[in-house]
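Undergrad: Numbering follows the working numbering, in which position 199 of the first sequence is assigned residue number 261; successive positions increment by one, without gaps.
Source of the hints: derived by calculation from the structure; they are not laboratory data.
No experiment lies behind these values; they were computed from the predicted model shown.
Virtual Cβ for every residue (Gly too), placed ideally from N, Cα, C.
Just so you know, not all the hints are guaranteed correct.
[What the hints assert, rightly or not] The calculated label-pair distances, taken between Cβ atoms and stated as ranges, are:
1. 377 with 143: 31 to 39 angstroms
2. 316 with 89: 49 to 57 angstroms
3. 241 with 164: 25 to 33 angstroms
4. 353 with 258: 38 to 46 angstroms
5. 285 with 241: 19 to 27 angstroms
6. 285 with 305: 17 to 25 angstroms
7. 93 with 249: 23 to 31 angstroms
8. 340 with 97: 54 to 62 angstroms
9. 90 with 152: 46 to 54 angstroms
10. 192 with 376: 28 to 36 angstroms
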Amino acid sequence: MTATTSEHSATGLTATGLLPPESPAPSDLHGPVIDWFGENARDLPWRRPEAGAWGVMVSEFMLQQTPVSRVLPVYEQWLARWPRPADLAAEPPGEAVRAWGRLGYPRRALRLHGAAAAITERHGGDVPKEHPQLLALPGVGEYTAAAVASFAYGQRHAVLDTNVRRVFARAFGGREFPPTATTAAERRLARTVLPEEEATAARWAAATMELGALVCTARKPDCGNCPIMDLCAWRRAGSPAHDGPPRRGQSYAGTDRQVRGRLLAVLREAVGPVPQAALDAVWDEPVQRARALDGLVADGLVEPLENGVYRLPQGRGPAM
DNA sequence: GAAACGTGGGT
DNA sequence: TACCCAAGTTT
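Use the sequences and the hints to build the structure in full.
TA: Right, here's the structure in full:
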């Protein structure tokens, strides 16, 4: 069954501009992608039944901009120490920041702690099932709310992460990469191609994400092992290279982020409060160093004591 | 909508 | 080596 323009006209997808003329019929992809997932899905701990909604949520926080391989060990330690949201909420936020280790973007640790506190206070200790309630939690954005609702509770949501966006850009859009920022058109498309049946939609969400992570990768897509190789619009167009402006680049060396990282590393590894001198040692430029430290304090990641002594936060930090 | 926000592995 | 990329969210 090959996709044709006439099929789209029948469904109105082309007429509404949701799909380019050469893109495949969405329903033709469901079976192959879901079957592929059944045979190739990685056995990740947060996919096991015993992970529960809290395990799924913890994994989603950790996986925001951080690769699976680096998340795995920290995830295991985290769940062993804090098996329920209330367990985490009962500890100072600084403990979450410390346990976060070197996963990066430590504000996520603070927000996960805040989410655990909110879940404990507002939802009786259970991760909420409704998308709006998930979205209201600190650190939970559009993607994470949909991911938890879909993966943990089997609901029907468009789960649009960087993997899925890339798969859709190629399979339906015929382009190598999606736009820099998620567009309304991408959200509409993701909702439109979602299978009708709830459990199938949840499976589709996980499957498209996995396909993007393992086969339809950014660098070297393994099209030879792709279950929809013959339907993919990008492939059918000859795999044209990305045209538009160059992809984003994020510099790091010499930035405040690097200084913040070094300062926080000292605090994380220290058992108790740290004197100013220990922090001064990590960066020689005093103005930038002070700015970075002030930023950490403002973000609630560091708590200043008297006489230039600092520690990880012990109380409730500023709302974020 | 752009910019800020960590860290490390792959090429 | 330098750059790209990794299950985003917030301001």
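Undergrad: Does the beta carbon distance between residue 316 and residue 89 stay inside 49 to 57 angstroms, or does it fall outside?
TA: Check passed, 51 angstroms falls within 49 to 57 angstroms.
Undergrad: Has the hinted range 17 to 25 angstroms been met by the Cβ atoms of residue 285 and residue 305?
TA: At roughly 19 angstroms between Cβ atoms, residue 305 and residue 285 fall inside 17 to 25 angstroms, so the hint holds.
Undergrad: Is it true that residue 353 and residue 258 lie within 38 to 46 angstroms of each other by Cβ?
TA: violated, 53 angstroms
Undergrad: Using the Cβ atoms, figure out if residue 192 sits within 28 to 36 angstroms of residue 376.
TA: Because 33 angstroms falls inside the window, the suggested range holds.
Undergrad: Taking the CB of residue 90 and the CB of residue 152, does the distance hold inside 46 to 54 angstroms?
TA: holds, 50 angstroms
Undergrad: CB of residue 93 to CB of residue 249, is that within 23 to 31 angstroms?
TA: The hint (23 to 31 angstroms, Cβ to Cβ) holds, given that residue 93 and residue 249 are roughly 24 angstroms apart.
Undergrad: Using the beta carbons of residue 285 and residue 241, state whether their distance is inside 19 to 27 angstroms or not.
TA: holds, 22 angstroms
Undergrad: Taking the beta carbons of residue 377 and residue 143, is their distance inside 31 to 39 angstroms?
TA: Violated: the Cβ-Cβ distance is about 20 angstroms, outside 31 to 39 angstroms.
Undergrad: Falls inside 54 to 62 angstroms, the C-beta gap from residue 340 to residue 97?
TA: holds, 56 angstroms
Undergrad: Is 25 to 33 angstroms a correct range for the gap between the Cβ atoms of residue 241 and residue 164?
TA: Cβ of residue 241 to Cβ of residue 164: about 31 angstroms, so the range 25 to 33 angstroms holds.
When held up to the earlier numbered hints, the structure conflicts with 1, 4 and fits the remainder.
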